[in-house]
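Chains F and Y are the protein sequences, given in the same order. Residues in the first sequence are numbered from 10 upward in steps of one, following the working numbering. Residues in the second sequence are numbered from 10 upward in steps of one, following the working numbering.
The hints are simulated quantities; they were obtained by calculation from the structure and are not laboratory data. Treat each hint with caution, since some may be false.
The list treats identical chains as one, so a pair stands whether inside a single copy or across any two.
Calculated lysine-lysine pairs in the DSBU-like style (CA-CA distance at most 30 Å, straight line) [said to hold, decoys possible]: (1) K84 to K66; (2) K235 to K84; (3) K55 to K235; (4) K55 to K66; (5) K162 to K128; (6) K235 to K66; (7) K128 to K235; (8) K128 to K155; (9) K162 to K235.
There are 2 protein chains.
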Amino acid sequence: MQTITRDQIIAVLPQLDLLPIIEEGFRAYSAGDAVVPPVGELLLDKGEVHIKYGYLKGGSYYVIKIASGFFANPKIGLPTGNGLMLLFNQDTGEPVSILQDEGYLTDVRTAIAGAIAAKYLAPSEVERIGIVGTGVQARLQLEYLKSVTPCRKVLVWGRGSEQLARYQQDMASQGYSVEVTPDSGAVLQSCNLIVTTTPAREPLLASANLQPGTQITAMGSDTLQKQELEPEILQVADLVVADSISQCLVRGEIHHALDSGHIAQGDIIELGNIIAGNSAGRTAPDQITIADLTGVAVQDIQIATAVYEALA
Amino acid sequence: MQTITRDQIIAVLPQLDLLPIIEEGFRAYSAGDAVVPPVGELLLDKGEVHIKYGYLKGGSYYVIKIASGFFANPKIGLPTGNGLMLLFNQDTGEPVSILQDEGYLTDVRTAIAGAIAAKYLAPSEVERIGIVGTGVQARLQLEYLKSVTPCRKVLVWGRGSEQLARYQQDMASQGYSVEVTPDSGAVLQSCNLIVTTTPAREPLLASANLQPGTQITAMGSDTLQKQELEPEILQVADLVVADSISQCLVRGEIHHALDSGHIAQGDIIELGNIIAGNSAGRTAPDQITIADLTGVAVQDIQIATAVYEALA
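If we strip away everything but chain F, and leave its shape as in the complex, we get (with noise of 0.2 Å):
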């Protein structure tokens, strides 16, 4: 069994093309070419933890993902998330790999998933892009969103000055031109592509703000509670979009607009099929288009398998 470390894999990834396996993963799963139980949950005092798991039929290895959030760690000097990633050979059982990646593989995998919702769903033209939050993934959207769209000018909201302030920093130094706001209306009002990475358990974004002619990549919301947007944002939406549907039933913005009535089940797509082609994704630059992003085991046993596979 290979242990393969947090400081291999961030020397690994810029070699790998990502997006086109993650994509692939989406496919699979929406094709019903991938089997994914539902997540195990482990609730304790100080934290959550889940368990993603999984494979691609026809694949080498299944994957068992180990994730917590344990909201306290920042108290004494830990983050607040860790994980850690299982390979198993599908033909027989045995341990092929632990990836000790304490969350990174995570946080990759769900940036190119916003990446990927981008290149289906945003404008041909971005004019600038709105990020909702400044905190990990707020930072690795953007490192991402590089390969799928030219634009560099970004609005960002948050609620701490000083976050604002260092997220503009970093993101300069990526090649951004950052502007901060304290209103999150500004954000829709002047972004045709927004991102929102907050864990907000009462909508940010409201309804009346929305532009024609923007995607919003809903990313922060990935539990039966959290909740970034107004859910008319949904119903006025053109497109409606999930990563997993059975998953978006039950967290998620979907979820919350399915609740109130304002969307039905039938209103929604599945990303994987809009990559095959078998759905359409935005099809006039005037669209609303919403992709709701949970968070699917297929991105892990994709990103986990690439980053093994490069390093065996």
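Based on these hints, arrange chain Y on the given structure of chain F.
Then chain Y, alone, in the frame of chain F:
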């Protein structure tokens, strides 16, 4: 993160007094002091994978066990079963240790559960131990029964005369005087502590041969389909004990007897409640008692923690 190998585990086990440790796990489970979510399951073309996980409230670690069975493995010189256990810090989610036991700790904690069942349920004078099956568990059960009964007389049933002869020889070297039989009825007729260890899908033991004053530990059946006992045996029994009532509703012998109406849910007692003294075990020599053991994550939590702490 500390890696612990199978060899290290085998070397340290004889130094550990595991019976009270596993007993404490069952007690905590039945008292509601353990959090054990439903078992995760992954089905593949050539095998199956189970993910068992949880923690004891107030403990130091949570444990995730991944166990597999790939039934064509022996054809290519590999054992059917494999597995590993992972310990994480209950306060921070940090990975603490990976125990690469290849399934050995599952075998051991299963054998210890059999010893615990015998301790509380077997007649005080065990005249002869009956073993149904000749595999790994048939061997380990005898090894761990040594600490709870002085009886060294055994009758073993198996399908192959070669396997029976090998079992007889191996157990002789452990101090057991073993007779063999191709007739499973003879086991019920002449033994008063019986342990069934096969993956049978049709009953091997018929109620017609059942004698008063018998304890049967049904160890083999741990899935929806597997079955070793006629359900009439559970109906006739004075005491039907489950390691986990909720699990036995959908797995093991109890599930079959419930489905066929031979017993009712109210007839079932949980092992941890007997250990705690909240329910009676055997109260008379001529009672018939049955323990249906399907394997609970608390056993894994307890054995993994004990091994880690002994080697840390």
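Hints and how they fare:
Taking the shortest Cα distances, K84 and K66 sit within 30 Å of each other only across copies (23 Å), while inside one copy they are farther apart (43 Å). For the identical chains of this complex, K235 and K84 are intra-copy neighbours only, at 23 Å inside a copy versus 50 Å across copies, given an alpha-carbon limit of 30 Å. When the C-alpha separation of K55 and K235 is checked against a cutoff of 30 Å, the pair qualifies only within one copy, where the shortest distance is 18 Å, while the shortest distance between copies is 39 Å. In this assembly of identical chains, the alpha carbons of K55 and K66 lie at most 30 Å apart only when taken from different copies (12 Å versus 37 Å within one copy).
Taking identical chains as interchangeable, the C-alpha atoms of K162 and K128 lie at most 30 Å apart only when both belong to the same chain, with a minimum of 17 Å there against 72 Å between chains. For the identical chains of this complex, K235 and K66 are inter-copy neighbours only, at 27 Å across copies versus 32 Å inside a copy, given an alpha-carbon limit of 30 Å. When the C-alpha separation of K128 and K235 is checked against a cutoff of 30 Å, the pair qualifies only within one copy, where the shortest distance is 25 Å, while the shortest distance between copies is 50 Å. When the C-alpha separation of K128 and K155 is checked against a cutoff of 30 Å, the pair qualifies only within one copy, where the shortest distance is 11 Å, while the shortest distance between copies is 66 Å.
Taking the shortest Cα distances, K162 and K235 sit within 30 Å of each other inside one copy (28 Å), while across copies they are farther apart (62 Å).
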